[in-house]
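Asker: Protein chains in written order, with our numbering: chain S, 964 to 1095; chain U, 4 to 205.
One or more hints might be untrue.
Ranges between beta-carbon positions, derived for each pair [claimed, not checked]: (1) U:GLU74 with S:ALA1074: 41 to 51 Å; (2) S:PHE1083 with U:ARG19: 33 to 43 Å; (3) U:THR166 with S:LEU1027: 46 to 56 Å; (4) U:ALA27 with S:LEU1039: 54 to 64 Å; (5) S:CYS1035 with U:GLN26: 50 to 60 Å; (6) S:PHE1016 with U:ALA22: 20 to 30 Å; (7) U:VAL153 with S:LEU1080: 45 to 55 Å; (8) U:ALA83 with S:LEU1027: 42 to 52 Å; (9) U:ARG50 with S:PRO1011: 32 to 42 Å; (10) U:ALA27 with S:GLU987: 24 to 34 Å; (11) S:ASP1006 with U:ARG90: 19 to 29 Å.
Since the hints were derived computationally from the structure, they do not count as laboratory data.
Glycine included, C-beta positions come from ideal geometry on N, C-alpha and C.
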Amino acid sequence: MKPNVNLETDRDANDVIDRILEAEGELIPSSGFLAATMERVRDEAAIPKPIPFPWLRALPGIVLAVAVLGWCGFELARVVLANARENSFAQVHLTAATGRALEPAEWVVLALAASMLSWFFARRLAGRSGLL
Amino acid sequence: MHAAISAEEDPADVNRVLAGDVQAFEGIVRRWQGPLVNMAWRYCRDRGRAEEMAQEAFLRAWRGLAGWRRESSFSTWLFALAANVFRSELQRFPTVNVSLEEAAEPAGPATQHEGLARKQSDETVRRAVLALPTRYREPVVLYYFHEMDVAAAARTMGLPEGTVKARLARGRDLLRKRFPHLNEQSTPPLSSTPRPKKEVLQ
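Using the sequences and the hints given, assemble the complete structure.
Answerer: The structure is reproduced here in structure tokens:
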């Protein structure tokens, strides 16, 4: 709300604000500014470009990792489903046996998942920083 | 003024830089160092910091030169990039922590040393721009930097002209209310009775 606004006075005040803010003196950059800026640019240019991720070479490894993960998942699901169908005696017996066998596999799966996650976040961070 | 600096040299230099000639960037810095340092100065009113911010803007321009799509002029692209750099720099390390209400009151019309007093008073008003809320500060800064060209300020901010006009009007309104003596400077003191400070500020 603008009570008692004097349009004439307000316009004049705007004119004064215009005069003050427009009539800013020109700032001359210091003599070393150009050289300092170009030095930074040259430093930046001298940094070798980041080596692109060797997707082609990594492809067999990635395929293998995905296959192992898939196989582990499939085996885990198969055993769990098979156990669920067995009677309680066999279930207890089988669960103990398969549990021991699958214990390292679970850790491998977990480690692979953690590695994938950390790789994914590292790439995202590097991408944001302009490193990739 | 700024756009007239170079319409042809910039694309040529950009092409050379993109072709691998680092030295060609010097032409760009040479031509635009004045405008960019002055623009940064209006954002922070600190010469050293203005140069640092301008340098950072040039470095970002260097990194992102391939991103200039040539749909707009080089200056438009450069100013928009610089405004982004300055904005984020000032978000990280704000220049002033005082509110507009706390900004110093300039001295009234002086009888002696009038020129000096006027200079000081003007500088106080300019500094008060930095105390404006962020959304009004930038339109005010860029409008006057672009020599009162709303369209250019809007392009630099990447906002519609209408939005910039509205924010500019609000920013100037806040300044006018903060410094009621500005009314007296331009008109004889007939109807412009300055309101008490507290009432004006609310």
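Asker: So which of those numbered hints doesn't the model satisfy?
Answerer: Of the numbered hints, all hold.
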